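These protein sequence lines are chains A and B, in that order.
Residue numbering for the first sequence is 0 to 215, as defined by numbering that gives the first Met the number 0.
Residue numbering for the second sequence is 0 to 206, as defined by numbering that gives the first Met the number 0.
Among these hints, one or two may not hold up.
[Stated by the list, open to error] Stretches of chain B that chain A covers, calculated by requiring three or more beta carbons in the stretch to come under 8 Å of a beta carbon on chain A: (1) 32-43; (2) 46-55; (3) 138-152.
[As the list claims (entries may be wrong)] Cβ-Cβ distance ranges computed for the label pairs, FRET-style: (4) A:Lys170 with B:Leu41: 42 to 50 Å; (5) B:Pro112 with A:Glu19: 34 to 42 Å; (6) B:Val108 with A:Glu58: 39 to 47 Å; (7) A:Arg27 with B:Ala70: 32 to 40 Å; (8) A:Ile62 with B:Ala115: 47 to 55 Å; (9) A:Asp106 with B:Ser184: 25 to 33 Å; (10) B:Ala115 with A:Pro155: 44 to 52 Å; (11) A:Leu101 with B:Gly142: 37 to 45 Å; (12) B:Pro22 with A:Thr83: 56 to 64 Å; (13) A:Asp106 with B:Gly142: 52 to 60 Å; (14) A:Thr95 with B:Gln96: 24 to 32 Å; (15) A:Thr95 with B:Gln202: 36 to 44 Å.
Derived from the structure by calculation, the hints contain no laboratory data.
From a predicted model like this one, the values you see are computed outputs, not experimental measurements.
Every residue gets a Cβ at the ideal spot worked out from N, C-alpha and C, and that includes glycine.
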Amino acid sequence: MTVAVLDGGCYYHHDIIYGERFRHCFDRAIYAPDLTDGALEGVKALIVADRISPTILREKRRILHAFLQNGGTLIVLGENQAHTWAPGVEWTFRPTNFWWWLDKDVDPGHRIVEPDHEIFRHVAPKDVIWHFHGLLHPPKGAVPLVTIAPEAGGGPDGTILYDHRGIADGKGRLIVTTLDPFYHTGSYFMPAAQRFLTGLLDWTDAAFRNRKTLSP
Amino acid sequence: MIDALLLDCEQTEGGLNILMKRPDLGSRLDVVNLYGLERTDLSGYRGLLIGLHADQRYLAGRRAQIEAYLARGGTVVFCGHVSYPILPELHPYRPIQNYRVEDLDVSRVCEHPVWAGVDTKDLTWRRGVAGFYGRGFNPPPQGATIIHGLGPDRHPVDFECRPAAGGRLLVHAGADLWGYLEADSSAARIGPQLLDWLRAGIQGGRP
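Whole structure, please, built from the sequences with the hints as guidance.
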C-alpha cells in the first residue's frame with residue numbers, strides 16, 4: 000500500500016513533497032530524471048506532480064506504461080503534456096483565464112458530471128472551480144468527472160478531470176486533470192488549489208494507503 | 000556577445016513565448032532546454048536567466064559550471080523561490096506566514112536600472128489584486144543590495160549581490176521578471192531594462 004510521487008525538482012515540488020504541510024501524504028518520492036523500473040516496485044499509485052519537464056516524462060514513458068500494465072494507478076496532474084506520452088490522452092490548448100473570479104456574475108463553466116465518484120468524498124466540488132490549463136477529451140471507456148459546459152467554451156466533450164480504468168492491457172488506471180495544484184499551493188498563492196490538493200491527497204490516503212487518519 | 004541565455008522549462012504559456020516573438024527583444028537572447036545546460040558553452044553570454052519553473056535539483060548539480068561562468072564575469076538572474084543550493088548566495092525561500100494585503104505591498108529600498116521608471120504600485124497590484132510580485136523572500140547574503148521590500152518589515156523580495164565566485168547575481172523571489180512584457184503598466188519596462196542592464200555589464204550597471 001504505497002503512494003509515490005514524481006518530483007520535477009522545481010521549488011513547488013520541493014515545498015509540497017518535502018515540506019511539513021504535505022510530506023506525510025507520500026510514502027516515496029522519486030526525482031523524475033532518476034526514475035527507473037525498480038523505483039516503482041510495491042507502488043500502488045503514482046502521482047505525477049504538475050509541471051514536470053515533458054521531455055523527461057516522454058523519456059520515462061516506457062516505465063510509466065509498464066507501471067499501468069502491471070495494474071498501477073497513475074494520477075497525472077496538469078501542464079505535463081500528458082497528451083504526448085500517456086495512453087489515450089487527448090488535449091487541446093485554451094488560453095488560461097486566470098481572472099475568471101474577478102467577475103462574480105460569470106459562470107466559469109465547471110460541471111461535476113459524476114458527483115458520486117469516490118474522489119468527491121474527499122474533494123469538495125467547489126474546490127475544482129479555478130482556472131484550468133486547456134481541455135482533455137476523454138477516450139471511450141474513460142469516465143469524465145469534471146467537464147466545462149459548451150456555453151463556457153468547453154465544446155462537446157471538454158473535460159478537466161477524468162478517470163480511465165482498465166487501460167494498458169486492462170489492469171491499469173489513469174486519472175488525468177488539467178489542474179496544477181502543486182504549483183499554486185507550493186507558491187503560496189491560491190487557497191482553492193490548496194483545498195483541491197488537500198482533498199486529492201486525502202483520497203489517495205484512503206484509496207491506496209488504507210489510512211483513516213485524515214478528516215474526510 | 001549575446002545579452003542572455005535563457006534556460007527553457009517547456010511551459011505551455013508564459014512570458015518566454017512573448018519575449019521570443021518580439022523582434023526588438025527576441026534577437027537579444029538564446030534559449031536552450033534547461034537540461035541542455037551541461038552541453039552549453041556559456042562564454043558567449045552576458046547573462047544567464049533562470050526562471051521560476053526551473054528544475055533546481057538539476058541546477059544544483061551544475062553549480063561548478065555556473066560558478067565558473069560567474070568567475071569569468073557573467074551575470075546570473077534567478078527568479079523563483081530557492082529550494083536547492085544552486086549557489087552559496089542562494090538560501091531557502093521563506094514565505095510570509097498568514098500574509099495580509101499590507102504585507103504584500105512592494106516598496107523600493109534602492110534604485111536599480113532594471114526597475115527604472117517602474118512604479119511600485121504596478122508591482123504590488125495587478126487588476127486590483129495584490130501578491131503576484133512576491134509573497135516571501137530568498138534571504139540575501141551579507142553585503143547584498145536590497146532593491147525592493149515587501150510589507151512593513153520590508154522583506155527583501157529583490158536583491159543584487161556580488162557572489163564569491165565573481166560576476167553578479169540578481170535575485171527575484173517571484174515570477175519571471177521577463178513575464179511582464181504585456182503588462183499595461185510601467186511594469187512592462189522590466190524585461191527590456193533587464194536586457195539593457197546585462198548589456199551594460201558590471202561597470203555600466205551598478206545600482
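Do the hints match the structure? See the list:
{"no.": "1", "hint": "32-43", "result": "holds (count 3)"}
{"no.": "2", "hint": "46-55", "result": "holds (count 5)"}
{"no.": "3", "hint": "138-152", "result": "violated (count 0)"}
{"no.": "4", "hint": "A:Lys170 with B:Leu41: 42 to 50 Å", "result": "holds (47 Å)"}
{"no.": "5", "hint": "B:Pro112 with A:Glu19: 34 to 42 Å", "result": "holds (39 Å)"}
{"no.": "6", "hint": "B:Val108 with A:Glu58: 39 to 47 Å", "result": "holds (44 Å)"}
{"no.": "7", "hint": "A:Arg27 with B:Ala70: 32 to 40 Å", "result": "holds (39 Å)"}
{"no.": "8", "hint": "A:Ile62 with B:Ala115: 47 to 55 Å", "result": "holds (50 Å)"}
{"no.": "9", "hint": "A:Asp106 with B:Ser184: 25 to 33 Å", "result": "holds (29 Å)"}
{"no.": "10", "hint": "B:Ala115 with A:Pro155: 44 to 52 Å", "result": "holds (51 Å)"}
{"no.": "11", "hint": "A:Leu101 with B:Gly142: 37 to 45 Å", "result": "holds (42 Å)"}
{"no.": "12", "hint": "B:Pro22 with A:Thr83: 56 to 64 Å", "result": "violated (30 Å)"}
{"no.": "13", "hint": "A:Asp106 with B:Gly142: 52 to 60 Å", "result": "holds (53 Å)"}
{"no.": "14", "hint": "A:Thr95 with B:Gln96: 24 to 32 Å", "result": "holds (29 Å)"}
{"no.": "15", "hint": "A:Thr95 with B:Gln202: 36 to 44 Å", "result": "holds (42 Å)"}
In summary, the structure is inconsistent with hints 3 and 12 from the numbered list given earlier, while agreeing with the others.
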